[in-house]
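Undergrad: This is what each chain is made of:
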Amino acid sequence: MSVEQALVGAPDGEGPKAATRHVSRSVTLTIGCVLVGVIVLVAVVSLFWLPFAPEDTSGGRLMPPGAPHLLGTDKLGRDLLTQLMIGARIALAAGAGSVVLGGAIGIVAGLAAGFATRWLDDVVSALLDILIAFPTLLLAMLVAATQAASLTSAIVAIGLAMSAIVARLTRVLVKRVLAHDFITAARTSGTSWPRVVLEHVVPNIWPTVSVNLALQFGLAVLAEASLSYLGLGAPPPNASWGRMLQEAQASVFIAPVGVIAPGVLIVVLVIGVNLVADGFRDVADPTRRRRR
Amino acid sequence: MSLLEVAGLGVRSADGRDLISDLSFTVDAGTRFGLIGESGSGKSLTALAIMGLLPPGMTASGSVTLDVPGRGRTEIVGAGERLLNRLRGRTTSVVFQEPLTALDPLMRIGHQVAEPLRRAQGLRGRALKTAVTAALEEVRLAEPDRIARAYPHEISGGQRQRVAIAMALACRPALLIADEPTTALDVTVQAEILALLDGLVSAHSMALLFIGHDLAVVSGITDHVLILKDGKAVESGAVLDVVNAPRHPYARELVGSARELDAALDRLGEGERS
Ligand SMILES: Nc1ncnc2c1ncn2[C@@H]1O[C@H](COP(=O)(O)OP(=O)(O)OP(=O)(O)O)[C@@H](O)[C@H]1O
Ligand SMILES: [Mg+2]
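Chains A and B supply the protein sequences, listed in that same order. To convert, note that position 87 of the first sequence is 87 in the working numbering; the numbers rise steadily by one, no gaps. To convert, note that position 105 of the second sequence is 105 in the working numbering; the numbers rise steadily by one, no gaps.
Here chain A stands alone, though its shape is the one from the complex:
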């Protein structure tokens, strides 16, 4: 072994084994996965089993925690735990839906802008700045005005607002990757543009974009809760955590659990998603793996 190689050392281990080792090594990622996993589990269970029927108001109003209503009931007498479980479903659907919509539109638009010639790039950038300056809530109200407020309208509004942010990020990343010699090197060896995009540009922007999408997931959950709080989200009887907060706030001193429980769940999901995003950064990018 030459001195050069001895100093550089052996490259990382190969394949999926190395990847799982990194996942378990990353503490933030583990904690994040547990937090998100709990919410996902609750949402999945809610599809098959609920403690009470969502519409069942037989338990009496604002009951304190205890048997048979583990977390008590709300002001209409509905079981709080049942409502929270349904809420998990809605929160995840809102996050995932917005990320898929916003990510798809944003990445495609960002790639196009990144490759565009000067004036087209200027036009797209200006459009993005306007879209980003536009408050998500206002956008949501506009979407809700054209169609009835629903989970879908909330997802469309949040996804559109998100797409502008993702597009702007993607555009900058694409420009930066394109300035590298390895792009020119690929082209000097005759690689066509579509291939350059698939083989070099997308993999190089993906670690940053995917981490950003994970963070956007958390923001989307918060945005959906806010929209529902304002009555612009999923209509009753779908229990969104945001609307549960709003409905319970009048009776916060009599039945504090009704406010605390959805609040805690929102925080758990958002923090969990952020931790996952943070831990994922190291797994997604091989150049960062060794520096731990």
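Watch out, some of these pointers could steer you wrong.
[Claimed, not checked] Just some of the chain A residues that point at chain B, by a computed CB distance under 10 angstroms: (1) Ala179; (2) Arg195; (3) Thr287.
Hints listed in this document are in silico derivations from the structure and should not be mistaken for laboratory results. Every residue gets a Cβ at the ideal spot worked out from N, C-alpha and C, and that includes glycine.
Could you slot chain B with the ligands onto chain A? The hints should help.
TA: Structure of chain B with the ligands alone, referenced to chain A:
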């Protein structure tokens, strides 16, 4: 018959500045041509113009023709992307200055070397894997299999530059363009890489267009040189003629400083011996 003929080449930036003007030279098949100039004199742009890969917004004028036996004569300036793509790699290939950014940081070395091999020689599967190992061995990389599995940040600068050379050679180009391939490396590694390039160019009887700012380095590996200043040729000719009788003041300056360095090294050597 010249392999590469550059005639009256001009490159203008998007905002209308002339970055290169009226540049002419020829490179014959199997010969080595050197392009010397200070930083910003337009050496890299000349290389990119020859590949038809100028940055967006820049325009080229004049003529760059490539005449590869069996492929006919092609005008590069103003040629379409499809024609250029077919030409690139197989006729001309480039080794860049910065070995770190010349390789994709997220792709294993083996995969990157395989790409041009697959495209140019149509290799697949086992044959491709063998060809990758052979390509890495050809640039004198010990443990080619370990290197093939590594990411660029896991190998040294000198090793990276060897990989870049392997990739450039993969398509067996008739003309290899080396754009300051050793500037970012330290002196001992520099000498190794130069010797490697020298040997490979001879072995495959390729033509070499070697770009550098150091007259001593460039004149050591080429037989004709052109000195570039602010995008204009100030002197050109056989290496010996230019070194022995530089005409332009800038060329004299270059030769002078190279000689001074030589003399200083000689004195040092004598001092050590006595
Ligand atoms: N993408 C670009 N856009 C605008 N101007 C550019 C661009 N690339 C290079 N230039 C300009 O063109 C001129 C020549 O640049 P070039 O890169 O060819 O220099 P060089 O001789 O290769 O220098 P070095 O030895 O530092 O690599 C410089 O003045 C530079 O500012
Ligand atoms: Mg240069």
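Undergrad: Next, verify each hint and record whether it holds.
TA: Outcome of the hint check:
1. Because the closest C-beta pair between alanine 179 (chain A) and chain B is about 9 angstroms apart, less than 10 angstroms, the hint holds.
2. Look at arginine 195 (chain A): its Cβ gets to within about 9 angstroms of chain B, closer than 10 angstroms, so that hint holds up.
3. Because the smallest distance between the Cβ of threonine 287 (chain A) and any Cβ of chain B comes to about 5 angstroms, under 10 angstroms, the interface hint for this residue holds.
The structure shown violates none of the earlier numbered hints.
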